[in-house]
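S.K.: Chains A and B supply the protein sequences, listed in that same order. Residues 999 to 1290 in this note's numbering are what the first sequence spells out, letter by letter. Residues 113 to 760 in this note's numbering are what the second sequence spells out, letter by letter.
Quick caveat, the hints were computed from the structure, so don't treat them as lab data. Honestly, I wouldn't trust all of these hints.
[Stated by the list, open to error] In silico DMTMM-like pairs for lysine to aspartate or glutamate, Cα to Cα no more than 25 Å straight-line:
1) B:Lys233 - A:Asp1197
2) B:Lys448 - B:Glu428
3) A:Lys1236 - B:Asp154
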Amino acid sequence: MATLFRRRAQRTHVERVRHRRHEGFLRYANFRWAKISGMLCLLIVASYALVDVTPRPNGGSWYGYTLGTIGAALILWLTALGYRKRRMTSDYWSLKAWTSAHVYLGLSLIVIGTWHTGFQLGWNVHTLTWALMMLVILSGLYGVIVYATLPAVLSNNREQMTQMQMLEAIRAFDRQLHAAAQPLTAEDTAPVLAALDEDPFAGGIRARLTGRYPRCATAAALRALAGSHAADAEARGKVVGLLRQKEAALARLRRHLRLRALLEIWVYVHVPLSFALIVALSAHIVSVFFYW
Amino acid sequence: MSFILRRIATTKTGKQIVRDQPLPGDTITLGRESGNGIHIPDLAVNPHHATIGSSDGRHVHVAAQEGLGFDLNGRTLDAADIDSAAGAELRFGGHRLTVAREGDAIVLLVERIDELSQSSKDVDEAKAFSLAGTMPGKRLGAWTFAILVFLAFLAGPIWAWHSYRQVDERPGGYHADLAWSSGPLSSAHKSLKGDCQSCHVDAFVAVTDKACVGCHTGEHKAMSAAHANAPTAMLLAARHPPGVGERILAGFAKTFNRPQGRCVDCHTEHEGAGPMPATPQKFCADCHDGMQARLVKAGFEPTVADAADFGTLHPEFRPLVRTAPGAKPVRAALSKGAIVDQGGLKFPHDLHLQANGGVARMAASFRGRHGFGQKLECANCHRPDADGVRIRPVEMERDCAMCHSLAFETVGGVTRTLRHGEPRQVVADLIAYYRSTPPTRPLQLGGMERRRPGQYAEGQVYNIYFREVAARPNRAEDAVRAVFSKGGACYDCHTIFAPAAGNDWRVMAVNQTPRFLTKGWFDHDAHRETDCADCHVAATRSKAASDLLIPGLRQCRDCHVGEGGARLVKVATATESPCAMCHEYHSDGGKPWVPARQRRKGSAAIADRPPPAAQAVSLITGTEARGLYDGTWRSSAPKLASTTGRGG
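Take these sequences, add in the hints, and give me the full structure.
M.R.: Structure follows, in structure tokens:
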């Protein structure tokens, strides 16, 4: 009797903890969709090993047709997340449930699609479809991983500042720099001017993703002023101090931009390739029936 | 003469405050330093950037001082003369200086037009902080990729198909629909690689048999008689009940108009380069495993027994035999004891195959001729076809006459023989012989030696001889009788009918069956390393030609197991044998087709190598099977009809 009560007490404790804790789309409903798609994958792998398909396993056998139909339907449903997330609903599935299913069923598509091929790959539209599907899934997997890890890093980097506050800090340093640099000589002014002229959002996708800005004008100005021997050492010292502060603020902003880029880049693969996949899938299906 | 410096400030509410400040003197300076008449706090402006002067109160002369110029109407200048009545806009760093005239005064309006720094510019937060400002839009990417894939993999292939619709053979090179090929074609169809339409003729219509027989006009043209003559209902009833998978496949086939029973159902393509795979056993076993029961249930009479796997489930052979001489061949079950096949000959195999004895001694006396060794071998009399697959019927002149001579006279060194196969000619030849040749004249009657007078014996010999000469033609009848009777040349091997009711001597017709097992295929050539007696085990003990010496299933199973290696008995060197090794679905009389790399695989390993001593003997006598299997692989399909009913 005592054990019974203790167990119940434990359970209520667990429930309370669960309510308090944020439940993301990954652990939604105690990993319901992870379990479902895991079972689906196990079922496919096991049945593939057990079913004797003649003459040899490929997409054209009954087993291949079955997996192919499931896979095609799944791909279309997975794409529908883009539509679903733009519709505010309260009575249908929550977006969290939908996203959870999207992630886990999407991962199970690796098994469904690959086992559908019967491991026959070549240079053709069929393998192209498979490859696009794998790219979309892998980019999505990357997205899930960065969504799970990067937001904490992003938050640490911000230190309670908003994006605009970060930019505002740079603007403030720019104004102070502009004022402080007025007494400087023409040679010393030029690098400061270049630093002021630098767009903090400049730099291509490469700079965004790596966070490396080798031609940073602020750093260059620092180097130039540190090595300058012109008069007005006092004013120059003030400018150098301001440039250091601006560089630190800029570095924070750039780390922020890098993290955001890492968080977003996968969508630029995931979404366009999803549409390419749907067209390739259509071509794959049409080709099968066209040259039946 | 005065300049008025005008500055406009904008309050936070957007209200503009205009402040005018008169500047005394004809020349004023402009620069970043606060001592200038016009002080511009702009790092892009030099401390003493320019002077602005006017001599007549109307024209303004602007001159740059420290190297950096200014912009006038978009051009960078070091000096400029400006008519203030016409007005002008000059640019110093991030500031704009507008020259205008109001009454007598020249108004210089100074305002900052550029932001203090790049970061001070307004930004769209949503765009600037995300990748949206850096990457091409997702929508653009989606459309681009989608259109590319559509053109290359859907529109292109369909266009390629459309443009060659009425063309018999496509030109070489790349065609867009090659991207649809699900895998390389087999080596036999390699030349069709770029020509999808050679098989896929119509869009959305599954490959038809017509496309196959367009080229395969010969051996593979039709199904076998057994399969084609059976009513469709019977063929359908023979199929095993479909499993879940087959029902799914049938559903797809039905929904998408894909007929069953086409060539390509078994002969699958696009399965990779190399030879087309041999049809697996399962295609046969799908129907033949448990078929009898299904046929009976469906009201048909089964004609063949169930077969599923050669190693485990295969009916005993049913060779074609003649129960009586000259009778029509019927199938006999080997499992039901000894079987006789009445071919009409008398031939004791045991006598001929004895290692010693009269036959062996005779063979040894011929050693080195006719391929004979120390004793007779099977191959001395049984010779294979040109392609080595089958054994030719025995021919008297070629295969027996080495020993069983029909010679009866020598004329001038030429031996005359009785005509084999023509009994009436034999009779005629013997009569002619006795008519034309007198008996040997005794010495007493023709010699030159002296005779004793009155010797009686001479008259006796004379009488004997001339009575003989007179009776000589009549002796022919005795000789004819002798040759056709017991102990005579014909009688030893043939069954003879004595003359009766207007008939002459007759010899029973001999029927040699060219192929006892007509439903399957046995290739002697593939078994050349195996001794004849290894399979034809009863030969050395057989006393009569009517003994059927065809090996049974048991002998085959000494080496051959099922496709998957299934077996009922212990097998030393197993040869995996799918149905197609012996049976041909199409049954066109040709040898069952086997991919090149599977032909005669490891057959040498099956055969027991002869001991070294045997080699020593064969050096003297020549190899035992000399010339027996010197055929080529499938030179031409043998014509069965030409061999039937021959021999005797």
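S.K.: Starting from B:Lys448, check that the Cα of B:Glu428 is at most 25 Å away, please.
M.R.: holds, 10 Å
S.K.: Check the hint pairing B:Lys233 with A:Asp1197 against an upper bound of 25 Å on the C-alpha distance.
M.R.: holds, 9 Å
S.K.: Given the hint that A:Lys1236 pairs with B:Asp154, test it: the Cα-Cα distance must not exceed 25 Å.
M.R.: Since the Cα atoms of A:Lys1236 and B:Asp154 sit roughly 18 Å apart, the hinted pair holds (cutoff 25 Å).
Hint violations for this structure: none, all hints satisfied.
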